[in-house]
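Here are the chains, one letter per residue:
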Amino acid sequence: MTTLKQLRGSAAIAGVATYGCGESPGHTDMELLAEAARRAVADAGLAMKDIDGLCTASASATMWAMPVVEYLGLRPSYIDSTMLGGSSFIAHLLPAMQALASGQCNAVLVCYGSAQRTATFGRREVVASRRYLDPQPYETPYEPMQPLSAYALAASRHMHEFGTTRRDLAEVAVAARAWARLNPEAFMRDPLSIDDVLNARMVCDPLTVRDSCLVTDGAGAFVLVRADRARDLPREPVHVLGTGTAVWNRQISSMHDLTTTAARDSGRAAFDMAGLSPRDIDVVQLYDAFTINVLLFLEDLGFCAKGEGGAFVRGGAIAPGGRLPVNTNGGGLSCVHPGMYGIFALIEAVRQLRGEGGDRQVAGARTALAHGNGGTLSSQATAVLGLAQTL
Amino acid sequence: MTNSSTTSKPTGTGVLARHQAELDAGRFLIQRCGACQRAVYFPRVLCPHCGAEEPALVAPAGTGAVYAVTTVRRKPEAGGDYNVSIVELDEGVRLMSRVEGMPPADVRIGLRVRARVVVPPGGSGMVVFDAITGDAA
Ligand SMILES: [Zn+2]
Chain A
1 MTTLKQLRGS
11 AAIAGVATYG
21 CGESPGHTDM
31 ELLAEAARRA
41 VADAGLAMKD
51 IDGLCTASAS
61 ATMWAMPVVE
71 YLGLRPSYID
81 STMLGGSSFI
91 AHLLPAMQAL
101 ASGQCNAVLV
111 CYGSAQRTAT
121 FGRREVVASR
131 RYLDPQPYET
141 PYEPMQPLSA
151 YALAASRHMH
161 EFGTTRRDLA
171 EVAVAARAWA
181 RLNPEAFMRD
191 PLSIDDVLNA
201 RMVCDPLTVR
211 DSCLVTDGAG
221 AFVLVRADRA
231 RDLPREPVHV
241 LGTGTAVWNR
251 QISSMHDLTT
261 TAARDSGRAA
271 FDMAGLSPRD
281 IDVVQLYDAF
291 TINVLLFLED
301 LGFCAKGEGG
311 AFVRGGAIAP
321 GGRLPVNTNG
331 GGLSCVHPGM
341 YGIFALIEAV
351 RQLRGEGGDR
361 QVAGARTALA
371 HGNGGTLSSQ
381 ATAVLGLAQT
391 L
Chain B
1 MTNSSTTSKP
11 TGTGVLARHQ
21 AELDAGRFLI
31 QRCGACQRAV
41 YFPRVLCPHC
51 GAEEPALVAP
61 AGTGAVYAVT
71 TVRRKPEAGG
81 DYNVSIVELD
91 EGVRLMSRVE
101 GMPPADVRIG
111 LRVRARVVVP
121 PGGSGMVVFD
131 AITGDAA
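Chains A and B, in that order, are what the protein sequence lines are. Sequential numbering of the first sequence, starting at 1, is according to our numbering. Sequential numbering of the second sequence, starting at 1, is according to our numbering.
Everything labelled a hint here was simulated from the structure, so no lab data went into it. Even for Gly, the Cβ is constructed at its ideal location relative to N, Cα and C. Any given hint could be a false lead.
Derived DEER-like restraints, expressed as beta-carbon distance ranges [claimed, not checked]:
(1) A/Lys306 - B/Asp90: 22 to 28 Å
(2) A/Arg131 - B/Glu53: 28 to 34 Å
(3) B/Pro121 - A/Thr82: 42 to 48 Å
One-sided and incomplete, this derived list gives chain B residues near chain A with beta-carbon spacing under 8 Å [unchecked claim]:
(4) Thr13
(5) Leu16
(6) Ala68
Which chain A residues stay away from chain B? Per the calculated CB distances, all over 10 Å, these [said to hold, decoys possible]:
(7) Tyr138
(8) Asp205
(9) Arg226
(10) Gly316
(11) Val362
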């Protein structure tokens, strides 16, 4: 039997790519995905015919792996299309590592694409059709504006229990924008101040439009291979030291505690497998669908105590030059958010470890954490990544 | 608030349908597990706490407190702002609902509330809450 500890570092990310981030009018989800996939495979120094494992998910197509296989011309021996919302592509890591370790496959392509911003069948239509395909009969009658209302409810509770303020939430958005201003790929790069966030249009109290993620187009892909093979490929391998996934609920009203997410379990699993703790992490990428997410995940992943997220981020502490670099690409708040952001968090972690961050590069980063969230604080997946020297 | 403490179990309909039928008739029911005695909401065919067979539908006291709150902002011409709350019933379960009879901005966490079933003309019954004022709180 292979233990999780034995899987530590057994696989490495050998190639990454993003494509079409921002606005890509006239493109389909599949076209964006395929271009990112092609570039990630090339980045890994491989050809598409080398890909014998596929992980992918879509917010709209329920049998999405099949058209992706068809479009890319694959004949995979390993397929995972598990759909856990935005955490999916980080959740895909552990089964893919097991498939690689067992020899079921040799090179896994993980890929996602969405033309959510410019597609005619966009977010509004997906939300409308979900009422029938994925009903929530105990919440929908009250017309929550989902997903925003769910996160606003969690934020209200966090403020009530811990004295967290709207200004604390604004710190998260301002830090994300400060990083985005250093990233040419980021969609929103104009200056943003605390007052700008506080004075922005309120959508669901206490969250304003500036507490909310972007709606963009975009695609991301990465290639996972066994560590020994990664050493022979052109890019510096980024090893998966640990990873974990946890789900406790679907609906916000079913959450056990609105201020504690299943990231507490996914994070513990990832750190246990990695044999590391939060203080060992050089750069952090958190799924920031809304500003409250970052506070919740900093707490649940152990970067600070429960309730201290607000204090932790004050004074630009997660912005460039702060005590902990968080969401160095600008995150879902300012860089890119085509419906399911998790794969972009992972790709930014890889770019930082490879030293490809340009103006936003965190000097000497050897370890990174990427965390995905899905649904309405429903699914959580965490990955701890490291360079060869951390093995 | 309801005139029956436990409903009989009609055949041929699921727990969602029976719960909704009670709401349509003006009655708000939750579940109580016969095995572990814990309250359950939303109603389902097994106890999510202990796995026991379908908990019985029972009438809650109907009182509780606002646990989390948001105001959904909406243009005045579309009907204006409205409240969405998560209410924790005194039985210990939570549900999404709204607090009526007061401005959305005045709904606060901890506010004591009482359940009421509204049945829109031709629509489905749903549970809403009113603030409990004065000594009744
Ligand atoms: Zn039970």
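Violated hints - listed by number, lowest first: Hints 4, 7, 8 not satisfied by this model.
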